[in-house]
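The sequence shown: position 67 = 106 (our numbering), numbered continuously.
The reader is advised that the hints may include incorrect statements.
Derived EDC-like pairs: lysine to aspartate or glutamate, alpha-carbon spacing no greater than 16 angstroms straight-line [as the list claims (entries may be wrong)]:
id: 1; residue 1: 50; residue 2: 72
id: 2; residue 1: 50; residue 2: 177
id: 3; residue 1: 143; residue 2: 177
id: 4; residue 1: 167; residue 2: 186
id: 5; residue 1: 115; residue 2: 93
id: 6; residue 1: 323; residue 2: 307
id: 7; residue 1: 256; residue 2: 65
id: 8; residue 1: 50; residue 2: 163
id: 9; residue 1: 233; residue 2: 248
id: 10; residue 1: 278; residue 2: 253
id: 11; residue 1: 281; residue 2: 253
id: 12; residue 1: 230; residue 2: 248
id: 13; residue 1: 81; residue 2: 99
id: 14; residue 1: 167; residue 2: 191
id: 15; residue 1: 143; residue 2: 116
id: 16; residue 1: 86; residue 2: 65
Label pairs and their calculated CB-CB ranges [to be verified]:
id: 17; residue 1: 236; residue 2: 50; range: 26 to 32 angstroms
id: 18; residue 1: 190; residue 2: 299; range: 25 to 31 angstroms
id: 19; residue 1: 65; residue 2: 299; range: 27 to 33 angstroms
id: 20; residue 1: 221; residue 2: 271; range: 17 to 23 angstroms
id: 21; residue 1: 190; residue 2: 288; range: 53 to 59 angstroms
id: 22; residue 1: 75; residue 2: 196; range: 33 to 39 angstroms
id: 23; residue 1: 251; residue 2: 313; range: 27 to 33 angstroms
id: 24; residue 1: 116; residue 2: 166; range: 16 to 22 angstroms
id: 25; residue 1: 271; residue 2: 182; range: 27 to 33 angstroms
id: 26; residue 1: 73; residue 2: 231; range: 19 to 25 angstroms
id: 27; residue 1: 306; residue 2: 166; range: 20 to 26 angstroms
id: 28; residue 1: 243; residue 2: 196; range: 31 to 37 angstroms
id: 29; residue 1: 266; residue 2: 72; range: 27 to 33 angstroms
Hints in this document: simulated from the structure, not taken from any laboratory.
The C-beta atom is built at its ideal place from N, Cα and C for all residues, glycine as well.
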Amino acid sequence: MNVAIIGGAGKMGRWFSRYFIRQGHDVTISDADREKARCFTKSLGIKFAQNNSEAARSADLIAVCTPIDTIPNVIKEILADIDSSAAIMEISSVKSPVISILRKIAFMGIRVLSIHPLFGPGVEDPSKERMVLVPILDEASEISFAERLFPDIKMIAVDAERHDHAMALTLSLTYFINIVLASVLAEEDLKELKNLGGTTFTMQLLLSESIMTESPKLCASIQMSNPYTIQHLEKFLSKAQKLMLHIHEKEEKKFSMFYHEAYKTLSEYEKLEDSYEAMYRALKAIRNSHEP
40 MNVAIIGGAG KMGRWFSRYF IRQGHDVTIS DADREKARCF TKSLGIKFAQ NNSEAARSAD
100 LIAVCTPIDT IPNVIKEILA DIDSSAAIME ISSVKSPVIS ILRKIAFMGI RVLSIHPLFG
160 PGVEDPSKER MVLVPILDEA SEISFAERLF PDIKMIAVDA ERHDHAMALT LSLTYFINIV
220 LASVLAEEDL KELKNLGGTT FTMQLLLSES IMTESPKLCA SIQMSNPYTI QHLEKFLSKA
280 QKLMLHIHEK EEKKFSMFYH EAYKTLSEYE KLEDSYEAMY RALKAIRNSH EP
């Protein structure tokens, strides 16, 4: 199969390029950063296309791995150049901006696939990983197609609205918290904090630092493209303000009530003591992986 990766020089674009090469497919990439794309194609011995239309023209599958806000225009740009039997796949972490264009072209008879890998480009072996599939026209057919492309990855079907609501919490909110944390820590002696910080701080800092390796454009897009982000950020800030007031006023009973309300809900879903032990196991594994 001929696969075109549009945005192929980006982190996930590179991941999908390598994935489809390992699956035995012929891969062509295009990217707005042509020089970066040329270097990447040379390193893998794959084809470089001068533009998106050229990449899509002879492809059986076109994977759009560009920033969220560019996907509708990229799809419109290549529509006239693709074969009627070709499929278009997009991988965005927010579906609201792209769902209408996907439905439109699906009704035109073009096969579409809307997925969201629940893992990052650092994953080398995707077996046992998870991927969301947002149905566009025919859920059963789209899941079947996705499972043929990614046979070792677990598919989770969820509609666009529920997906974006969940991503506002699991992506937007967590990115927001960690970007703010990074901003606060950046004003301190981080070397000293790393030396004095315990397990919880070490794990939290690792997460914050990993998020800060992402591009500002991606981080902004995760926040600003999702229609549910603001309501969850406002809820978070309201609760943070309430907890801070309990601390400022030294209201230990109210602090405990706030804490136990959250604890009670979380403990209904998970055995929290197991989570604490898992944190230590994860930290041990991380430290062992960094030993010479």
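Item to check | Hints not upheld, ascending by number | outcome: 2, 6, 7, 10, 11, 13, 18, 19, 24, 26, 27
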